Structures are given as structure tokens and as C-alpha cells.
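Undergrad: If you read the sequences in order, they're chains A and B.
Note that this note's numbering numbers the first sequence so that position 146 is 146, with each residue one more than the last.
Note that this note's numbering numbers the second sequence so that position 353 is 353, with each residue one more than the last.
Hints may contain errors.
Chain copies aren't distinguished; within one or between two, either way the pair holds.
[As the list claims (entries may be wrong)] With a Cα cut of at most 25 angstroms, we get these calculated DMTMM-like pairs of lysine to aspartate or glutamate:
1) K300 <-> D328
2) K245 <-> D45
3) K361 <-> E39
4) K303 <-> D328
Derived from the structure by calculation, the hints contain no laboratory data.
These figures come from a predicted structure and were not determined experimentally.
Number of protein chains: 2
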Amino acid sequence: MFRRPRDARACARLAGLTACVLLASAAHARAPHGPSAAEIAEHGDGRNMPPCSACHGASGEGNSAAALPRLAGLPAAYQLAQLNALADGTRADPVMTPLARGMSTQVRAQLASYYAGLSLHVEPATDTARDDGLALRGRWSQEIPACVQCHGDGGSGVGSAFPPLAGQPATYIVKQLHAWKDGTRRGDPLSLMQTIAKRLSESDIVVVANYFGMPPLAASTASKDLPAPPPGPGERPIPDDDFGKVIRQGREIFENPAKYADRYMGNDLRCSSCHLDEGRHVGSAPMWAAYVSYPAYRAKNHKVNTFAERLQGCFLYSMNGTQPPLGDPVLVALESYAYWMARGVPVDPGVAGRGYLRLPKPPAPPDFTRGREVYARTCALCHGSDGAGQRAGNGSPAFPALWGSDSYNWGAGMVGVTVAAGFIKANMPFGLGGTLSDQEAWDVALFVDSHERPQDPRYTGSVADTRMQFHDNDDSMYGKPVNGHLLGSDSVRPGPR
Amino acid sequence: MFRRPRDARACARLAGLTACVLLASAAHARAPHGPSAAEIAEHGDGRNMPPCSACHGASGEGNSAAALPRLAGLPAAYQLAQLNALADGTRADPVMTPLARGMSTQVRAQLASYYAGLSLHVEPATDTARDDGLALRGRWSQEIPACVQCHGDGGSGVGSAFPPLAGQPATYIVKQLHAWKDGTRRGDPLSLMQTIAKRLSESDIVVVANYFGMPPLAASTASKDLPAPPPGPGERPIPDDDFGKVIRQGREIFENPAKYADRYMGNDLRCSSCHLDEGRHVGSAPMWAAYVSYPAYRAKNHKVNTFAERLQGCFLYSMNGTQPPLGDPVLVALESYAYWMARGVPVDPGVAGRGYLRLPKPPAPPDFTRGREVYARTCALCHGSDGAGQRAGNGSPAFPALWGSDSYNWGAGMVGVTVAAGFIKANMPFGLGGTLSDQEAWDVALFVDSHERPQDPRYTGSVADTRMQFHDNDDSMYGKPVNGHLLGSDSVRPGPR
């Protein structure tokens, strides 16, 4: 279903690399003069520490009644980080904090590795009827991204920073969301969960817990914190008829083109990688605004483009693939989906909310070195230090590649530093839009754009000539030297189309 | 430029047939014991009648200073009808009424034929800068059709009921519009000009006279009768840029596809034959409403159709032609034109004004015989008693064919009797929409639909089977017997596409 699964690289890509490798050999090792991790888990350490299985279950499956987590199969680096956090108090728990403090660093690592290695069959969450939209689509009117966008398809987890939610007791998920919300759990990367949990109502928390966790809880009787806003563009229910079928296909393609439009794709990006909130979100080129803005003349190809032709461009450049022929069901479905989202929006190329945020020029010229620092601090967590993105535990694409062979090519709109800076400022880090300074957004946009990516499909045989013909009016880095390397000169050239 | 010119047929098609033929032989004949028409024109009849040339000019070119008409080249039947009207007082003129009364019927016919045969080089009006929109596009907010729609392209005249305007003194046009308006000129078919002239302001009259006539008059200082309404859909100026260029191409194609999209056309209809007022008019499926209604699922072809695909259907069925491929400049231009008209209109398949008027079922079932009578009385004037339409004096299409080989085929939407009845009620007779009773509209719709036309392009080889497969849910007459003839059985089958 998904090409190029990268499960094996997921672990190696993050900060957990060293730990992973160490632990892999330490999993069944015995601490000098002490019991093994398996012995501690099953019988305790024979001194003060009770057996882990007493609370977390014989198979590490957790305990729903006591709201205690599943440990089996969770990434070792994640579990080690939790034991350390429990020990140092950034994750406060009356039972676990004293226990974690009583463990040596080595014992924590051994236990983390032991439980990571326990196999527990867990089905990813798939029952969409149990979600009211939050888990799968988020609620961007409150800047709440979908849970699955960071925790992966079906809650199967992404890397070691975004643990699986599927298979956790629902009671435990509720308890943790409360802990993020009230500050008794802290220390999460970029404070992502603390920020997002504060935006959740009590009923939101129950819905999310029930979507990913087991067994289901009674629905919360608490009213939502905020009254539901009137439906915005694209928030109307999709009609349950022949047209609705095609609209739904469009939404599926939009969310997962690598699965539903595979033959036209050259990478694993999603349409919603650039057009957040399933193409609805103001500040990330919402599709309802695009729909009412075409046909339009585009200097990019010196002609009037219909909406369908504009969509073709996304496949050719952003998806580094091939253009679906006009009239292809993929284009018709995407056009139908955009049309449906645009319902009620006046036809107007100047409609408010169109395109990406236009960020003013920064105080200082964008700088590669500063951008690298911003990237390491705020972007690498999700997109990887090599810019190659990450996959979920079930192999489906999670965070998009920002450069390299799996990213958008040199012809995509996102290679414009201005475009990228506006997108980043408005939307990144994911769920924390608006938190970077303008200068940081410009710097990191320049940094991202200063890496090789697949060749521009319009490549003429010469980078300089291609730059002159196709990039003279954009501010991409294509054809410019960065640290002695001419960008575009080492790109993978796509095969003949 | 235009195929199948039918100038030769224009005269024969109308009520003027007998007169035409008679006059052709009588043109240079001498009345028994009297002077010839040429002698009367040049020298008078030697008794009371002065020479025609004294007022109408040596070449029958008219007299601008005295507001007297050009006669040269005007259809004989038209001129004879005017002499008769002047004689019987339905066209009152202090000079011409006594003169016409003094002529024998035979002399009137001779003079009409003589002046019809005089050749006078007249350029059709082409200087669009002299029109403020009324002459070329009309003003449908007041139900004023464009002058050229009845008087032909450039004012070159259509048949013998719609005389040329090009080459008339502007002063004469002004005088006649005043005469229609104040009732001193009457007797026009269906009272068309009396009705329309009453809707014209003083400044309208000057603009129209200056567009078609010579020499130009000073612009009227009279204010318009009505303040200009706010611009409706599609009334905004087309932008003067690269997109505007394509929008204008779309408008040109829309108005004259036989000229600008010839390769996809199988007849000489215009898009505006069904979509009045250049595709703007409520009650005749305005394009701005169509634009915001697609993509949509259509039972006609069992799939979701984009707007471009819907346009393809017009070419295949209404134009009896071939579908332009998706992405063809013809479709892109038409889509751009519709988009531009839709500006400001909310995206909504239920937008008010969409489609044709939905006429309630009539008191009595639609009837062929009654329909034939309505047709003869109100439709044949323009569309011809044979339903074949009429061309302008310069050969360009004027009134569309309603059946026969030059009309829309059996697959077009207009073959639905319900659709046709709604269109007719709202818009016909042209410029007199709403004047037929519901019953008349239904009857004449049935009558029109009870004639052969080109075969349905989906024809399977059997009329019954084609009816079952493609017409089971419409109320067209295809496959039904009328006066012993099975409709569809004698249709021209289009060649392979």
C-alpha cells in the first residue's frame, strides 16, 4: 500500500539513536549483581521495587480500571524518557515518581528496552464512527491538529517522540490529557501536548480516548468548552448521494494520495501536507479559496489555467509525479471535493484567506546558519534531522520530507523562500503556528530551501538555463550556490514523462 | 467564415415569397399605359407624383438632413409592406401617406422591386466603440434585446421583416424609433418594435442611431430614463490583461461559435441561442449560475461532470458537433468567461436563477395542432415556417433553426418538452418573454419537438432502444409517433466521431 516503508529508519533518525542501539544489546542483560529486566518486570527487584506486571499487566498491556498504561511495544527511547521524567519530576506521579527515583539509570534503560521488545498485538484505530472529527481531522478553528497527524495513522505512533495511542487504556489517555492540561505532566517536545491539551474540552478528551483507547468510556456529560462555531468553508456534511461519493473520494485522495492516486505520485506527501486541515485552513492555501480563484492566468506557464490544470501542477511539482490527464477520476474527485468545500463562498480571485500568509521581509536577510539552528530546535523533531520526514508505526506516511529524493521537486511553489516563510510562520511547528518570529520563519525557510531535492521537471539540461527560464521571477534557491554547492546540480533528474 | 450561407433562401422562407417572385419579373416592367418604375423614381409619373429621387437621393441612398430613408437594397417585400402601411395609415407620414395612396398596387410593387434591385455599397456597422452595449448586447435588465439579434450582424438585415439598419441615415433611425415609441408607426410583426422602442431612453436612441447610421449625431443630452442598475452577474468590465484576453475569447466563442469554434460545431447555433444576454439572463440558464453548480452528478451520463465536461455536452448535443478535448483552448476560454460572469456569486448548486424557468403543467395536455397555430402566429416570423431559422444579410447566423438538419440533435436538453416550454414561456417571442400563456408555451414546445432533427449521437442502431436507454427519464418526443411518423427514425445519423 505504501511504498518505501522506512520503519527501520524511524528509530535511527531521532535523538534516540544511541539509546536504541545500546538498549538493543542491553535488553536481556543483567545489571551487575542485580536481577534482569525480565525478572524485575515479573517479580520485582527483591528489595523495594514491586514487579512492574503487578500494575502494567503480565504482558505489559496496561490496566484500564486503574488508568495505567500499556508498556508493551512502546519505543524504548520514549519509555526511557518517561522514566527519567518521572524521576526528575517533570512527569509527576505519586506511585511512579518514587519508583523511578529508586532505579539506577541502567535499570531504567533495561526496563524500557525490555517492554519495547514485548510483542503485543494492537489493532490501529479504524472505527471512524467513534470519532467526532477531532482524532482524524482536528479542529483548526481552535488550532487543534488531528491526533493522527503526529501520532500516526490509526494512532500507531511515529518515531520515539510520538507514542502509539492505539492499544492504550482509554482511562489512561484521559488521565494523561488531564495531566498535560493541568501541568502535572510536562517536558514534552516544544510543549506540543501541553499546548494542545489546553485547547481540548472534557468531551473532546473522552472522544479522543474512546477513538484510540479501549474499552470505551461513557460519553462525557460535560458541555464543550466552546460553543460550536458556525460551519466554515468545507465543514458542511458531505451529501449521501452519487455526488457525495465522488466528494469523499476526493477527500481520501487529498489526505492520502500515495494510497489513492499512487500512479501519479512520485513521493509520499499528502495534499494536506501543504493545505492543512484537509484543505480548509486559512494561512495554508485552502482549497475552497483556490476553487473560486480559477481559471486564472499564471505567469508560471504563461497561460490561463483552469482549476483542473492547476491541480495537475501539484502532481507534477509538489508530488514530484506525473500529471493526471484532464478528466481523470483523480482530478474530477479532487475538483469535486474543492467545489464542495467552496460552497457558499463567492467566486472571487481576491477572496479573503486565499493562498499562504504573505510574511513581510525580515529585519535581517534570511541566513542559512541561523536557519539551521531553528530547524534543529523546532523542525527536526517531526521532519527528521535529515529532512526526510517520518512514517507511522503502521508504515503510512506521517511527517513529510522537506528535502531529498522523497520531497517536492525544484518546480514546486514551496521552493519559493517567500512562500515557505509564510507557510512556516502561519503553521509551524505543527499545532504551534505563529510561535516563530518572522526572522526565524525566513531563516528556516531559506535553510530548508538550501538542500537538494528532485530536479525541476522543466529542466533543460543546464541548471543556469533552467533557472533563467523558470526561476527568474521566484526567490527559490535553485541554481544558487550554498556552501560551495550549486543547488540543482545534484538533483535526481526525473525519467522521461 | 460562415458555412452554408442561405441568403438565397431568406426571401423564399417568409411570407414575402409570392411578392418576391412576382416582383422579380415586374421590376423593369411598365405598367399598362404608364411610366416604368425607373422613370417614376427618376422623373415622377408625369402627373401628381414627384420623382422619388428628389427626396431619397439619386441612388436611393436617403437624405440625412431631412431624416429620409435609404431605399436602395432594402428587401422588396419590406418596401412594399411599408408603402401599403403608409397608404392605409398604420405608418403615418404627412408626405408619404398621400403619395402612397395615389399609387396603384402595381406601382407600389414596381417601385419596391426597383429600389430593392439598386445596388448601394453599405458597410455593416463594426465600430464597437460607438455602441454602449445596447446595439450589440441589449439591456436585459429592461428586457431589451440587442438590435443585431433581429436586424442581423452589423445591422445587415434578416429576411424581409427585419430591414438592414446599416446605411440608413442616423436621423432617420431616430425618427423611426420615436414613431414606434409614440405610436405614429404601427403594424410591425408581433408589435415587436413598438414594444421595444418604448423601453428605450432618448440617449439610447441616439446611441443606436449612431452605431448603425451615418453621419453621427451629437450625443443626446437627455438623461437616461432609468438610473443604471448596479452591475449584475457578468456585467463587470472584463479586465485588460492576459486573463481578460481569454475571457474575451470566451465571450466571442459564446456569441459566435460557428466562427470561433468551427471545428467542433455541427450547426450554426450560438451558445446565446439558448443562454440569452450573452449567458447572463435569468430564465435562460445563465452561465454564471451554471458555473457555480458544477461539478455535479448527472443522471444523463451517470457520473460527476466538471463544468468543462458539461460544456463538452453542449457541443455534442446542442451544437450537434464534437466534444472539444478537455483542456482545449475553446473550453478554457468558455470556462474563463463563465467564471468571470460568476464573480461574486456564491458557489451553490441551488443558486437562485439557475437553469430554465420551471413552468407548471398546463391546464390541457400539450397539443400538436394548437402548437402549430401558436408557431405560425408567433415563431415563424423569425425561425421560419420550416423551422430552419434565418441568416443576416451578410450571411452570418441570425435566428436559430429549431428543427431539421441545422438544429440541435435529439440528445440536447432542449428536446425535453418541459425544458423547451419553460424557455419559451420566459423568453419567447424574442424580446416579448412572458406574453404567451402557459398553455401556448407548452403547446408550441410540443410542436417544435415533434419534428425530425439530427440523430442522437448515442444512437444504438434502434430508435426504441435509444429511447429506452437515453430518453426514458426525459419528456422528449424522441421515439414517439407523431402523425404516423416515428420521431428519430428519419434523423440524419452523425458520422463516426
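Undergrad: Are the hints correct? Go through all of them and say.
TA: Now for the hints, and whether the structure bears them out:
no.	hint	in the structure
1	K300 <-> D328	both (23 angstroms within a copy, 19 angstroms between copies)
2	K245 <-> D45	neither (59 angstroms within a copy, 82 angstroms between copies)
3	K361 <-> E39	neither (60 angstroms within a copy, 87 angstroms between copies)
4	K303 <-> D328	both (21 angstroms within a copy, 12 angstroms between copies)
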